[in-house]
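Guided by the hints, dock chain B onto chain A, whose structure is given.
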Amino acid sequence: MKVEAGHSTTSPVSIHDLTVAYQRKPVLWDVDLDIPEGKLIAIVGPNGAGKSTLIKAVLDLVPKASGKVMIYGRPFAKQRKLVAYVPQRESVDWDFPIDALGVVLMGRYNKIGWCKPVRKQDSKAAMESLERVGMADFARRQISQLSGGQQQRVFLARALTQDATIYLMDEPFASVDATTERAIVKVLGDLRSLGKTVVVVHHDLQTVREYFDHVILLNMRVVAHGPVDEVFTDENLKKTYGGRLTLLSEAADRLARH
Amino acid sequence: MPSLEQIVRVLSLEDYNTRVVVLGVMALGAASGLVGTFLLLRKRALTADALSHATLPGIAVAFMIMVAFGYDGKSLFGLLTGAFVFGCIGVLAILGIRHTTRLKDDAAIGIVLSVLFGLGLCLLRIATELPSGSAAGLSGFIFGKASSMVASDATTMGVVAVSIALVTMVLHKEWTLLCFDEKFGSSQGWPVIWLDILLMVMVAIVTVLALQSVGLVLAVAMLIIPAASARYWTSKITPMLLAAASIGCLSGWLGAVVSALVPRMPTGPIIVLICGLWFIISFIAGPKDGLIIRQLTRLYLNRRIAKQHILRAMWEVCESNAVPEFTVDSIVYVRSWNNRTVIRLLKKVSKLNYVTQLPSGKWLLTEFGFAEAARVVRNHRLWEMYLITYADIAPTHVDRDADMIEHVLGRDLVAKLELLLDATKIPQSPHAIGVTQ
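For the record, the sequence lines run as chains A and B. Quick note: the numbering used here has the first sequence finishing at residue 295, numbered continuously throughout. Quick note: the numbering used here has the second sequence finishing at residue 1863, numbered continuously throughout.
Rather than coming from a laboratory, the hints here were simulated on the basis of the structure. Do not rely on the hints blindly, as some may be mistaken.
Here are the simulated SDA-like cross-link-like pairs (lysine to any residue), alpha carbons at most 25 Å apart as the crow flies [claimed, not checked]:
#1 A:Lys101 / B:Leu1518
#2 B:Lys1469 / A:Asn84
#3 B:Lys1530 / A:Lys148
#4 A:Lys148 / B:Trp1620
Covered stretches of chain A, as calculated for chain B (at least 3 residues, CB under 8 Å) [to be verified]:
#5 113–120
#6 123–132
#7 140–152
Where a beta carbon is used, it is the ideal one built from N, C-alpha and C, also for glycine.
So that you can see chain A by itself, here it is in the shape it has in the complex:
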């Protein structure tokens, strides 16, 4: 196996010297990261910090201005099977004429291959994934009739059917109901116990400690990354969010006191 210099072969996702720019405006600068294996990792940062872009750069969905991303030491194009992606819920049209099972089956299309129809074992696998996110009863429901949280769980189930090693999730917790939040947390726990690596773009600072092992603090560049206990400190958060965080936390403190 040919390994690029500067990249760890044991890291599921090794990002080296990555810069991504949209038109003239760079959104990510010189990102260097070795994501640890078998952990739940949160990517945290303010709006426009490039959190989603980082995930998309790993998946080759946005052009890189410079730098490389390696999946277990090899380029993503050769390791696609190892990676499952949960896009943001808003990225698709939920009026599309398809049911929940149909969406989950898309996670199996690679295993099915070109031009071949869906087989029985694929439907079975898709149903099992729906079961894992508590959505088995909704398999035949048209997707526009699902609540936002249920739609999110369908997306999660689609990633689960891929049976990948690395899971990249873009804001799965964004505006979901409590049942869905619990379902996702349970799935995250299951994935960790199976030794999978899960990277989650996360916006809720309150739950970072509770849900994740590692955290990447991002604001166009990596401010800090490492185990939550060491890295998720007030000082680092201030570096990430600037003045805004203090305002936010003061407001939260005041609310808590009432």
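Chain B alone, transformed into the frame defined by chain A:
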């Protein structure tokens, strides 16, 4: 008015000309329906419109080139090749504008459509004034001229329709993925760009074939309207494809037949009008979100809610009075309804044998009505308790319309809720009050 004999002749496709046109546009309609479905789901309807307008300069250029090289300028294959090439150029221009400027799709489409169509009109004028070769027939492509079709044209359309059906079948899964979630597909390694190009090439082929019969101004109608109508009949993609193909095919047939029967009616616009008629029918009567079904659902829901409200009101009045009799006024007193509404609702539920009117003018809850009211009240109170107790997870589970709360929440949870709810608040046996009578 056409005579019966004429009608029979047209329907039985006895005339060579009618036969060619009918079969040709039926094939075209079916192919348009299939490709149009994916086009619609990909939200590219207007791109297809720009594509069809962009074919005009292609026709003129092809004519001029063919004449310049001494060929027959009217070779259909040559003209359509030119149309196809320029159609593709139009699509590429749209993509180019979108990716390199800050303009959005609608502006890009507007620019490309009008500029290329304008260019086409000018080139057409130049072509007609060329000394060699007559370009008089070329403007027929703008509004279509079905009568100019010959057998080989119909055969081509048939072959294309079958090929497109095959491609759609084979790439069904891949195109679905492309239209639903391109980014996910791309992350999975599917060549979404090529799938997209292939889809647009299919659209271009269908559009170019439609030029002769429907014309380039209206070609997009054949792609969009059958697919948009089909969406009102189904929420699944395979049935939607079949429905769109059928609607396209039927519209083609009806349009060709009507224009054959009514003298001097242009085939293309008639086909499009019939497509439009289909759309109106689908939009009104379609079972998926059609106008009628929407109104009916709302009406049905309102009625159910009104029925449950009157049952609960009756129960509450009888419960507090400890007799199963009540007056209209007592119901009016506990609810915000007026007299007339209460009497109307009581008459309605009396048809269901829930209540009967006594000679005294008072109303009596029947034993059957008791049971039903008890069920409704119990469900209502348990749901309320559930909402209070499990406020965080409740909203996704509440289904007040369910006949029995147990069906949704399960027996154990309901038993727990019953404990939480003061036992006297749960309507136990509907006969309990009857006994005190």
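Unmet hints by their number, sorted upward, for this structure: Of the numbered hints given earlier, those the structure breaks are 2, 3, listed in rising order.
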